[in-house]
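Take these sequences, add in the hints, and give me the full structure.
In the numbering used here, the protein residues as written are 1 to 464.
Hints listed in this document are in silico derivations from the structure and should not be mistaken for laboratory results.
Be careful, since some hints might not be right.
Said to hold, decoys possible - Ranges of calculated distance between the beta carbons of each label pair, as one might list FRET restraints:
(1) A47 with L70: 34 to 44 Å
(2) D320 with V101: 16 to 26 Å
(3) S295 with P93: 16 to 26 Å
(4) Q363 with L293: 45 to 55 Å
The structure presented is a predicted model; accordingly, all values stated were derived computationally and were not measured.
Just so you know, even glycine gets a beta-carbon here, dropped at the ideal spot from N, CA and C.
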Amino acid sequence: MGVILFGSLAFVAAHAQDAKGERRSFTLGEAVTFAMKNYPAVRAALAQRAQAQGEVSLARTEYLPRLNALWQSNRATRNNISGLLLPQSVIPPITGPVLPVANGQSVWGSATGVLFSWQPFDFGYRRAVVRAAQSSRDRADAESALTQLDVAAASAEAFLGLVAAQQRVAASQADVQRREVFAKSVHVLTTNELRPGVDASRADAELARARIQRIQSEQALAVAQATFAQALGLAGSIPQIEAGGLLATAPSGLSATPEITHHPLLAADQASVDQARSRVRIQERAYVPRFDLQSAAFGRGSGANADGTVAGGANGLGIDRGNWAVGVTVSFPIFDFASIRAKKRIEAAGVERQQARYDQTLQVLTSESQKAQAALDAARQVAAETPMELEAARATETQARTRYQVGLATIVDVAEAQSLLVQAETQDSLARLDIWRGLLQVAVAKGDIEPFLAIVRQSTPGGH
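Right, dumping it as structure tokens:
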């Protein structure tokens with residue numbers, strides 16, 4: 001174990017500077033905290049939550065009255081005519097007497113006014129719209145929490161993966177060193193014709209294979225470093241880690257974890273269900289009369305006189321007549337019942353779809369929680385066995401080399417013993433990491449990583 005830790009620290013020291021030449025090191029807790037504050041997906045989720053809150057505020061503005069103002073000046077002819085014109089938005093209306101003869105003489109005209117409008121009641125329509133916006137906000141909140149959970153889990157998993165990669169490099173380096181020493185002794189024996197020459201070839205082959213495995217483990221370490229940097233939002237740099245007490249002793253179990261129904265993914269699905277139900281309520285309150293309390297003050301000016309004559313100059317640019325009005329307008333879309341009924345059916349089907357997704361998510365999370373607990377239990381059992389395996393493998397390797405030196409064992413026996421030893425060293429160094437992984441998976445399956453981080457703080461010097 002000491003050889004592995006020493007080799008791991010040596011490798012870290014050799015790669016201690018990032019792409020900018022600055023040393024930056026993280027404990028597991030610090031890595032998770034850094035990722036949750038700086039990873040782009042978290043910032044995007046927080047922005048989405050703020051946007052959803054803004055939509056709630058926007059929906060509430062529908063309760064406020066409206067006050068619109070207008071001013072208009074124009075120059076136009078005054079050829080009015082009797083007759084009906086259906087409502088449209090192309091031909092401007094004209095007022096005044098019908099002239100006996102049309103002419104192209106134009107006059108100034110002006111108009112100004114303000115209109116106050118307020119909807120005193122709406123049979124619950126605006127409240128339904130606000131509730132739909134609130135459901136969207138709740139969904140954004142849950143999705144933000146889910147994003148933070150995913151980012152925290154990814155950074156923690158990348159940290160543990162990097163520690164594991166370092167342990168594999170250290171184990172492979174120790175294996176290379178043992179095989180180099182053994183290969184030299186074999187060459188001495190074969191040179192003195194105390195062992196057949198094939199033993200030297202076999203020792204060289206085993207040494208070459210160990211070196212290849214070391215190269216492969218170093219490649220895996222480089223990949224793990226890149227993965228860890230990306231998980232922190234520091235892609236392109238080489239952040240370092242401090243394993244702390246993660247490799248010392250097996251961690252205890254998690255403290256009380258929340259019920260799985262509090263998982264952010266379930267909360268997001270429940271918010272989607274509530275949002276769909278809000279849309280149904282909007283349609284239920286859409287087929288009602290609309291009452292608008294209105295008041296207006298307005299005035300007009302014109303350069304045309306009632307007797308058909310024209311006032312020249314700037315007449316008509318000012319306001320000649322003023323008026324005011326107060327009233328109530330009631331509007332009702334009588335023939336909209338068919339479309340509203342169809343919309344209600346569509347939204348009701350959306351509720352069923354979202355509810356089914358919620359039920360499916362609950363099934364998946366329950367299964368994932370059981371799998372994570374099973375993996376944690378197995379990791380604890382394995383960690384209890386690896387020290388015995390390591391001790392036996394070391395004794396076997398020592399005995400095999402000794403027996404080979406005195407001619408009681410073959411080169412194959414030594415090669416197998418050394419392979420068994422490097423495997424045992426790797427498994428023993430990774431056994432406690434697998435327990436940490438199991439604890440992380442259980443916490444993530446429950447939807448709250450804080451109990452996991454609490455154990456990390458207890459196991460890390462300084463409480464970070």
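Going through the hints against the structure:
1. A47 with L70: 34 to 44 Å: 37 Å, holds
2. D320 with V101: 16 to 26 Å: Holds, since D320 and V101 (Cβ atoms, about 25 Å apart) stay within the stated range.
3. S295 with P93: 16 to 26 Å: 22 Å, holds
4. Q363 with L293: 45 to 55 Å: 52 Å, holds
Every hint from the earlier list agrees with this structure, and none is contradicted.
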